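Q: Take a look at the letters that make up each chain.
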Amino acid sequence: MSQQRLSFDDVHVGDQAPEKVHKLTRTDLVRYAGASGDFNPMHHDEVLATAAGQPSVFGHGMFSMGFLGSAITDYVGAGNLTHYKVRFSRQTWPNEVLTTKITVAGKRSEDGHDLVDLDVRLVNAQGEEKVIGEATAAVPSAS
Amino acid sequence: MSADHSEELAALVGRRSGAPQVAPDAVNLAMIRHWVEAMGDENPVYLSEEAATDAGFGGIVAPPTMLQAWIMRGLKASLEAESRRAEPETTAGSDNDRMMALLDDEGRTSVVATNCDQHYVRPLRLGERLVTTSTIEDITAEKKTGLGEGRFVTTRIDFVSLPDLGEHASVSEEVVAAGEPVATMRFRILKYRPGTAKGAEVRDGDGGPARPRRPRPALTQDNAFFFEGTRAGKLLIQRCVSCHTLRHPPLPACAVCGSLDWDTVQASGRGELYSFVVVHYPKVPSFDYPLPIGLVALEEGTRLVADLAIDPAELRIGMPVEAELVSFDDELTLPVFHGLPAERDEGG
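In order, the protein sequence lines correspond to chains Y and D. In short: position in the first sequence from 1, add 1296, done, that's our numbering. In short: position in the second sequence from 1, add 1, done, that's our numbering.
Read the hints as simulated data drawn from the structure, not as lab findings. What you are looking at is a predicted structure, and each value in this text was computed from that prediction instead of being measured. Incorrect hints may have been included.
Stated by the list, open to error - In silico BS3-like pairs for lysine-lysine, Cα to Cα no more than 27 Å straight-line:
1. Lys1381(Y) <-> Lys144(D)
2. Lys144(D) <-> Lys284(D)
3. Lys1381(Y) <-> Lys145(D)
4. Lys1403(Y) <-> Lys1381(Y)
Only chain D is shown next, with the shape it has when bound in the complex (with noise of 0.2 Å):
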């Protein structure tokens, strides 16, 4: 069972996300440009000066629905973000951090936009810097949806104009607050268990929802070989041509000698659990959980990650395996790995 923070969830509400964010650049006529010509809006008065001043507007206005787009942090920063969400003890990180933590620690790891909800004060002109300041404002109990179960969030973004901001790249609360509102954002998401879907319980037999496939896997020219070779029944292993080193996952070169030259064997099936895990959650709908994962060293010498057919309390580092091959679906084959007795019987 996951752990349920409802308690701590509930001490954020009312609280910043996190410190005041200031638009990486004012509102610009670059920026526009690439926006309605993604959107195909062709107004006149986001982009040419006398129309603008013909409309009454006295210059150039930014789309209402552009708003988000002046906050966005980019590409480098959210990667940034995201990898430090994933250090374990994640200390220094903001409200909206730690919120999202606690909801992915209850197995809430999937996210959805659900709902935006923009109120304007007046168009946003040219070269206005703006700074916004982010306040959790709702976190409900779990509810049951079509995706699965969640809890959904709602953080508003209030957004401020400041004439003077100059060069600086953050600002305190005191200098927000002498701003001039020009607009408010609401944007709710939910965060929800994998696999928990209304309706979604896998089930066999007749009159059941059908299981949802297995994920596919990405196929390249190199790993291709792997899962045509499943699907004819041979578990095939990537060999160096120079060499002869065995590797796996496929790889374009040889790891030892370099070499761009490889073929294939035909492994056993055969070996030795050399490491494994228990995966139960976030539970993904077309695995059956508690989900066992081995890392198997195959007797030919490399090794391999497959799932293990072998009750998770029996598994032991070491204990010998043997792969089956399962069809998933019609594209579908994987090596499967089941317990042997200790010492097979060799003899007649």
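Same shape as in the complex, but just chain Y (with noise of 0.2 Å):
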């Protein structure tokens, strides 16, 4: 079963959620495009990215920011994600290995939630970070 059952007692500070790894196709730029509705040719059109100095077709900055917080749901639960934010720190280039990097960095309570906080990264296989962030999750205590 999927839906993440993370319990604010049982999360530690330092836990690791399990990583999503995925190498990134032109097909897949083109499917987030038809999907996001975002046309930007420079992540489509490699005679016009090529022409205007990149080396080719690079990825949409929120499609990693989307591939990175599908892990954080996994993780967390789909419904408990209050919080989501990221740095878009560089771009991302077809063919590179992905990889999902989210640590807990800390627990509190506010206004009678239990909150999880996320330091929450994406990495190609080099360890160069493309997106940094943080998430914050409102979990379920163990009952």
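Each of the two chains sits in its own frame; use the hints to bring them together as a complex.
A: Here is the structure:
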């Protein structure tokens, strides 16, 4: 069952979520352009991208955010994510292998909610950070 | 020097980017399916009524990070907005259009997304219709960044759910205020001046950073001969085999007789300056500025756009010019035109 039942009492600072790994392809970029409605040609038109001085087409920032986000919701549960923010630090390129890195950074209780803070990153095979961010989930306590 | 619109930009902070935007479609299974497939997200609560109910949602929910997709206006509307912004005398545009035009006028013509920050009040359910209001939240002073000198612009987008919206394509602020807040997204972009990156000054000689290469031409079966020709030291011009009309830039067919058959002739490289512009910005790192660019009427009888190695103060329409083929790197050789004395010495 993939609906994660992360419980506040069982989670510890330093815990790591399962990694999601994906090799980015040009087909991913085309599929994401259609699914998201973002048709900036730098993400699907190789001729235009190279004419603009880019080595090739490159990934949408929001694809990186969404891919990392899916690993976060797999870990904390889809309905529990309350806050997710990222900085787009590097472009992603076709054939790069992207890996999600999610670590529990803190636990706190606020306004009657038990909150888990996560340090979240998307890195390539060389360890270069593509996206760096934070996420917060309101998770149930074990009863 | 570019314009400084600090005051006009400061006056836009806190203002709405534009009118409220109504999501083109209600939250729906088809769009969710495309999105989770693109993401490789296999969480069943996004596609299976049963799994979503078992998980306590009472029905299928949308992935939280899909938020932005519900209000994307689509390619057609984006292209229309782009051409509206390109109009020199835009009066009808939104405050967002005005802000972007002011930043462009400051020479900050390049854009990159730097941050995205999303707050979710609750999961979105199938059938919900979303409406957003966008506010220009912050425009910074000029910052030096790894990409170039620019301003960071933060836009806050508030999402509300309106159950009884029906077919309305637009709504008033009052109607939006009655909606249920479901999410907030802040999106930060950097609008920067290309070619002004930290440490990107173009220097020659040892120790300096390597000069970026010129943009590559998009090569096709019709134009490849031109760039192969310049590399081989020849300025080649396309000629129609049927009616012998010259044409440039290269095209598949003759505009005069329609023939698809063509060959090339080698131009002498001499001609006269038909027209010119001097580019000051946006600055692209592989070029020197001010950058004079000419439309040259070749003596063979067609015209060609090329760089001019002539002091902008000396440029005159009709002046005689001659091409030199300059290699910019291993792949790229292009004609660059020099001025010639008005009356050439034709004698021995």
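Q: Against this structure, judge whether each hint is valid.
A: Hint check:
no., hint, in the structure
1, Lys1381(Y) <-> Lys144(D), "holds (22 Å)"
2, Lys144(D) <-> Lys284(D), "holds (17 Å)"
3, Lys1381(Y) <-> Lys145(D), "holds (23 Å)"
4, Lys1403(Y) <-> Lys1381(Y), "holds (18 Å)"
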